[in-house]
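Given the sequences, and given the hints that come with them, work out the whole structure.
Final position of the sequence shown in UniProt numbering is 153; the numbers increase by one with none missing.
It should be emphasised that the hints constitute simulated quantities derived from the structure, not laboratory data. A hint or two may mislead.
Restraint ranges, calculated between C-beta atoms of paired labels, are given here [as the list claims (entries may be wrong)]:
(1) Glu67 with His105: 28 to 38 Å
(2) Glu93 with Asp46: 44 to 54 Å
(3) His99 with Val72: 13 to 23 Å
(4) Gln140 with His105: 39 to 49 Å
(5) Glu24 with Ser90: 47 to 57 Å
(6) Glu139 with Arg39: 27 to 37 Å
All values derive from a computational prediction rather than experimental measurement. Every residue, glycine too, gets a C-beta built ideally from N, C-alpha and C.
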Amino acid sequence: MTKLSGLRRPLLDTPTVPAAPEGEVVVVPMTAVDRRRVRRRVRAPDGAELRLALPTGTVLTPGTRLEVRDGVTYVVGAVPEDVAVIRPRSMPEAAAVAHAVGNLHRDIIAADDPGVFLVLWDAPMELLLTRLGVPYAREQRPFHGRPAWEHAQ
1 MTKLSGLRRP LLDTPTVPAA PEGEVVVVPM TAVDRRRVRR RVRAPDGAEL
51 RLALPTGTVL TPGTRLEVRD GVTYVVGAVP EDVAVIRPRS MPEAAAVAHA
101 VGNLHRDIIA ADDPGVFLVL WDAPMELLLT RLGVPYAREQ RPFHGRPAWE
151 HAQ
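Here you go:
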């Protein structure tokens, strides 16, 4: 049996927290998938190249400061993505949708609108929602959950 206590840093799902920006702020737009890619180069809207080398498992949240360079603060922003906006008509319907979406190992998150949920849209999700007969619409909105291929820990 492997003992994992006493590790120097967490293995997975290291969240980041937004920090107060300094000076001019440039928002670097990222999708849910992009916010989990920890080693790569990112081109900011002003043309600056940022090099990310974060610990494995880091999850960038919107508002997280990436770098401060020459008085300019580069922060993470959530870009609108293709999502299914689900509007269950009752609590049992909401529970059925959440259960079915969970069985596909997908994140379902509450939207800012009361009683509305968001899931990343793809063909299997459209088929599931159609079979369940739940009202939904395909829209472009920021998504703060995990990508479809990433399982919950």
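The hints, checked one at a time:
1. In this structure, Glu67 and His105 meet the distance hint of 28 to 38 Å, their C-beta atoms being roughly 33 Å apart.
2. Under the hint 44 to 54 Å, the C-beta atoms of Glu93 and Asp46, about 46 Å apart, fit the expected range.
3. For the pair His99 and Val72, the beta carbons lie near 46 Å from each other, so the given range of 13 to 23 Å is not met.
4. A C-beta distance of roughly 23 Å is found between Gln140 and His105, which places it outside the suggested range of 39 to 49 Å.
5. In this structure the supplied range 47 to 57 Å holds for Glu24 paired with Ser90, their Cβ-Cβ distance being about 48 Å.
6. Here the CB-CB span from Glu139 to Arg39 is close to 32 Å, well matched to the stated 27 to 37 Å.
When each numbered hint is compared with the structure, violations occur for hints 3, 4.
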